[in-house]
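Visitor: These are the residues of each chain, in order.
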Amino acid sequence: MLSNVHARARRGELTALLGPNGAGKSTLLRALSGSARPLAGECRVDGAPVAGLDPVQRARVLATVLTERDVPPLLSARDLVALGRHPHTGLAGRLGPRDHAVVDWALDAVGAGDLAGRRVAELSDGERQRVLTARALAQEPAVLLLDEPTAFLDVPGKVALTGLLRRLAREHDLAVVMCVHDLEMALRTADAVWLLDGGSLHEGTPEELTLDGAVGRVFDGADLEFAPAEGVFRLRDPADAPSGAAGVARVDPRPDHEPLLRRALVRAGWRVRGDTGEETDVGPNAPLLVRVTDDGYRTEYRGLQRSHGSLGALTRWATRLASGKEGA
Amino acid sequence: MNEVVPDRRARVVLPLLSAGVVTVLTCALSLGSTPIPPGEVAAALLGAGDPDPRTAAIVWEVRLPRALTGLLAGAALGLAGLQMQTLLRNPLAEPYVLGVSSGASLGVALVVLAAGTTGGTFTAGLVGLGRPGMVLAAAFGAGGVMALILLLARWASSVVTLLVIGVMVGSVVSSVVSILISYARAEDVQRFVLWGLGSFSATGWRDLAWFAPVLAVALLGSAFLVKPLNALLLGEAYARTMGVRTSAVRWTVIAVGALLAGTVTAFCGPVAFLGLAVPHLARIALRTADHRALVPGVLLMGGCVAVACGTVAVLPGTSGVLPLNAVTALVGAPIVIGVLLNGRAAKGVNP
Numbered sequence: 000m001l002s003n004v005h006a007r008a009r010r011g012e013l014t015a016l017l018g019p020n021g022a023g024k025s026t027l028l029r030a031l032s033g034s035a036r037p038l039a040g041e042c043r044v045d046g047a048p049v050a051g052l053d054p055v056q057r058a059r060v061l062a063t064v065l066t067e068r069d070v071p072p073l074l075s076a077r078d079l080v081a082l083g084r085h086p087h088t089g090l091a092g093r094l095g096p097r098d099h100a101v102v103d104w105a106l107d108a109v110g111a112g113d114l115a116g117r118r119v120a121e122l123s124d125g126e127r128q129r130v131l132t133a134r135a136l137a138q139e140p141a142v143l144l145l146d147e148p149t150a151f152l153d154v155p156g157k158v159a160l161t162g163l164l165r166r167l168a169r170e171h172d173l174a175v176v177m178c179v180h181d182l183e184m185a186l187r188t189a190d191a192v193w194l195l196d197g198g199s200l201h202e203g204t205p206e207e208l209t210l211d212g213a214v215g216r217v218f219d220g221a222d223l224e225f226a227p228a229e230g231v232f233r234l235r236d237p238a239d240a241p242s243g244a245a246g247v248a249r250v251d252p253r254p255d256h257e258p259l260l261r262r263a264l265v266r267a268g269w270r271v272r273g274d275t276g277e278e279t280d281v282g283p284n285a286p287l288l289v290r291v292t293d294d295g296y297r298t299e300y301r302g303l304q305r306s307h308g309s310l311g312a313l314t315r316w317a318t319r320l321a322s323g324k325e326g327a
Numbered sequence: 000m001n002e003v004v005p006d007r008r009a010r011v012v013l014p015l016l017s018a019g020v021v022t023v024l025t026c027a028l029s030l031g032s033t034p035i036p037p038g039e040v041a042a043a044l045l046g047a048g049d050p051d052p053r054t055a056a057i058v059w060e061v062r063l064p065r066a067l068t069g070l071l072a073g074a075a076l077g078l079a080g081l082q083m084q085t086l087l088r089n090p091l092a093e094p095y096v097l098g099v100s101s102g103a104s105l106g107v108a109l110v111v112l113a114a115g116t117t118g119g120t121f122t123a124g125l126v127g128l129g130r131p132g133m134v135l136a137a138a139f140g141a142g143g144v145m146a147l148i149l150l151l152a153r154w155a156s157s158v159v160t161l162l163v164i165g166v167m168v169g170s171v172v173s174s175v176v177s178i179l180i181s182y183a184r185a186e187d188v189q190r191f192v193l194w195g196l197g198s199f200s201a202t203g204w205r206d207l208a209w210f211a212p213v214l215a216v217a218l219l220g221s222a223f224l225v226k227p228l229n230a231l232l233l234g235e236a237y238a239r240t241m242g243v244r245t246s247a248v249r250w251t252v253i254a255v256g257a258l259l260a261g262t263v264t265a266f267c268g269p270v271a272f273l274g275l276a277v278p279h280l281a282r283i284a285l286r287t288a289d290h291r292a293l294v295p296g297v298l299l300m301g302g303c304v305a306v307a308c309g310t311v312a313v314l315p316g317t318s319g320v321l322p323l324n325a326v327t328a329l330v331g332a333p334i335v336i337g338v339l340l341n342g343r344a345a346k347g348v349n350p
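Those protein sequences? They're chains A and B, same order as listed. Note that the first sequence covers residues 0 to 327 in numbering that gives the first Met the number 0. Note that the second sequence covers residues 0 to 350 in numbering that gives the first Met the number 0.
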């Protein structure tokens with residue numbers, strides 16, 4: 000699926016692997032972890048090809064956190080992390096003093112020291128993901144690979160986990176590569192990005208890729224577009240949208256009002272400009288004027304003025320107006 | 000501080016289980032159609048004093064082989080069940096569900112029924128080998144059917160599919176066995192039916208001379224599976240990232256499971272429920288999923304439960320003997336239902 004692709008993940012950096020569904024993110028990650036064999040090409044860690052290592056040596060260099068979430072409920076968090084010592088223990092799997100020390104270190108590194116005695120079944124999704132990350136750390140790898148680590152977390156959980164991954168990369172000089180769906184957050188938190196796009200891979204810092212338009216080229220759709228300056232996706236201005244637009248809305252340009260008014264009215268189906276002007280047009284192409292007053296919102300449309308007590312009331316009215324269900 | 004077993008609970012439970020094994024062994028030697036006080040049993044075993052020769056004969060020739068057979072069979076079935084449950088990550092997996100029972104039945108049916116036929120067939124050669132031939136036939140039958148099911152498993156989308164495939168293949172093999180039986184002589188059929196009821200009583204010292212070493216080798220070999228089985232707790236994909244050669248481990252577990260369960264089946268018949276229930280009992284007792292504690296746990300628990308069931312089967316004070324499978328089903332089925340209903344409390348593996 001991918002060919003002629005070359006990318007480097009640096010130690011001490013959190014690299015986000017991004018791309019639309021089906022672009023091959025998970026396949027690339029599996030090829031890196033050695034669990035799927037690429038048709039061609041190789042993965043090197045510190046210059047040494049991974050394919051040349053036997054499975055145990057490879058597990059000492061590369062550790063992976065998979066999307067698999069089913070963990071035996073009877074396992075304690077500490078037992079789970081101790082499984083990560085597998086490539087370092089002998090034939091009987093017996094843990095020595097150093098193994099125990101590494102397990103404690105890994106639990107502390109993800110801030111899960113107090114969870115050690117708890118059963119995995121009792122942990123929240125966020126705690127479980129931290130403990131699974133600690134298990135990978137216990138392998139003492141040079142590279143940490145994570146497949147959708149934030150998929151089941153709420154927003155604070157996603158932020159906390161990505162922050163943790165970046166800190167782990169810095170403090171322990173790891174190359175951390177995670178593939179994620181949450182583009183906006185990845186662009187804000189990752190040190191570097193691998194962007195997969197229909198068979199090619201763009202590599203750079205989030206800002207580089209935003210600046211040269213690669214992010215927009217990969218992800219822009221009919222309804223959403225990437226706003227490079229803000230680093231977020233927004234609904235396309237309805238002027239470009241296939242459904243057409245109700246008309247032009249000119250809103251209060253003050254910075255504490257304009258962004259929210261713009262967002263609400265774009266969703267309602269208006270093309271939005273950030274100035275209210277002074278002229279009063281009453282013709283069929285007259286804009287909708289929206290001003291913020293002390294006690295709410297004041298609109299003017301084709302010469303008719305109206306007051307709205309709240310932003311919600313204004314938004315619903317503007318939506319009905321745009322779809323022709325409300326007379327001016 | 001080096002821990003041998005990971006859990007403080009294991010340090011209490013494993014000695015308790017060992018004490019339990021001693022207790023049920025004592026009961027197994029004392030109780031039966033002729034009760035013998037433990038003191039006389041000890042005297043007969045040690046040859047101390049001047050034991051009654053009839054008592055010594057009962058203890059040495061009947062009860063001790065039966066108790067040892069139960070001990071080994073229970074340990075073997077429990078271990079095979081634990082390994083299958085971990086490998087397939089399913090609380091209902093056990094060697095019999097995956098065709099060991101039906102495969103071993105097929106092997107034994109061929110041998111038992113061929114004993115009545117004449118002519119230089121392959122099975123007639125096995126019959127010439129006597130008990131070892133029957134064990135070999137059972138183990139090959141078990142391993143063959145199990146391997147077939149696991150080959151089909153490559154296309155199975157889920158573990159439930161795999162278990163259903165196991166049940167279906169088992170039905171096909173059972174019907175082949177029924178067809179074979181309909182061509183057999185009545186006395187051979189009766190031998191086969193008796194074998195199918197399960198019993199620890201049919202093995203004498205000469206059988207144990209085969210039974211014990213084979214199981215001992217398989218049980219010792221399982222010590223090397225403890226570490227990869229722990230890695231498999233998170234699934235095969237995770238195990239691979241930890242450096243486990245998963246396909247080698249999978250086939251080793253299958254081979255060891257077929258050898259353990261196939262051998263027990265050859266000597267004792269298809270003993271139901273022990274392979275399924277004993278791992279759950281061990282998990283309930285030890286409250287851990289760690290195989291470093293569970294493997295000794297299932298060995299002791301399996302021996303304990305099997306000897307107890309075998310003793311109950313001969314207990315009724317009369318000379319009659321209950322079918323062993325009736326006892327193990329009465330004990331095992333409620334445990335399995337309880338485990339499934341109780342959900343995560345007792346489950347060591349995922350549904």
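Hints in this document: simulated from the structure, not taken from any laboratory. Hints may be right or wrong, so weigh each one.
Said to hold, decoys possible - Have a look at the derived ranges for each label pair, beta carbon to beta carbon:
#  : chain 1 : residue 1 : chain 2 : residue 2 : range
1  : B       : 341       : A       : 93        : 45 to 51 Å
2  : A       : 56        : B       : 10        : 31 to 37 Å
3  : B       : 154       : A       : 67        : 18 to 24 Å
4  : B       : 201       : A       : 116       : 24 to 30 Å
5  : A       : 117       : B       : 53        : 55 to 61 Å
6  : B       : 53        : A       : 88        : 42 to 48 Å
7  : A       : 116       : B       : 180       : 52 to 58 Å
8  : A       : 117       : B       : 320       : 18 to 24 Å
9  : B       : 154       : A       : 56        : 29 to 35 Å
10 : B       : 212       : A       : 90        : 53 to 59 Å
11 : B       : 341       : A       : 117       : 44 to 50 Å
To be verified - Stretch-level coverage of chain A by chain B, calculated; a stretch enters the list once three of its residues show a Cβ under 8 Å from a Cβ in chain B:
#  : segment
12 : 155 to 169
13 : 287 to 297
Claimed, not checked - Facing chain A, from chain B, some residues (calculated, C-beta under 7 Å):
#  : residue
14 : 207
15 : 211
16 : 212
17 : 232
18 : 236
19 : 237
20 : 240
21 : 242
22 : 244
23 : 287
24 : 289
25 : 333
Quantities reported herein were computed from a predicted structural model and do not represent experimental measurements. In this text, a Cβ means the ideal position worked out from N, Cα and C, and glycines have one as well.
Visitor: The structure should be examined with respect to each hint, and the outcome stated for every one.
Guide: Comparing the hints with the structure gives:
no.: 1; hint: B:341 x A:93: 45 to 51 Å; in the structure: 32 Å, violated
no.: 2; hint: A:56 x B:10: 31 to 37 Å; in the structure: 35 Å, holds
no.: 3; hint: B:154 x A:67: 18 to 24 Å; in the structure: 21 Å, holds
no.: 4; hint: B:201 x A:116: 24 to 30 Å; in the structure: 48 Å, violated
no.: 5; hint: A:117 x B:53: 55 to 61 Å; in the structure: 59 Å, holds
no.: 6; hint: B:53 x A:88: 42 to 48 Å; in the structure: 55 Å, violated
no.: 7; hint: A:116 x B:180: 52 to 58 Å; in the structure: 56 Å, holds
no.: 8; hint: A:117 x B:320: 18 to 24 Å; in the structure: 49 Å, violated
no.: 9; hint: B:154 x A:56: 29 to 35 Å; in the structure: 33 Å, holds
no.: 10; hint: B:212 x A:90: 53 to 59 Å; in the structure: 23 Å, violated
no.: 11; hint: B:341 x A:117: 44 to 50 Å; in the structure: 20 Å, violated
no.: 12; hint: 155 to 169; in the structure: violated (count 0)
no.: 13; hint: 287 to 297; in the structure: violated (count 0)
no.: 14; hint: 207; in the structure: 29 Å, violated
no.: 15; hint: 211; in the structure: 24 Å, violated
no.: 16; hint: 212; in the structure: 23 Å, violated
no.: 17; hint: 232; in the structure: 5 Å, holds
no.: 18; hint: 236; in the structure: 6 Å, holds
no.: 19; hint: 237; in the structure: 6 Å, holds
no.: 20; hint: 240; in the structure: 4 Å, holds
no.: 21; hint: 242; in the structure: 3 Å, holds
no.: 22; hint: 244; in the structure: 6 Å, holds
no.: 23; hint: 287; in the structure: 6 Å, holds
no.: 24; hint: 289; in the structure: 6 Å, holds
no.: 25; hint: 333; in the structure: 21 Å, violated
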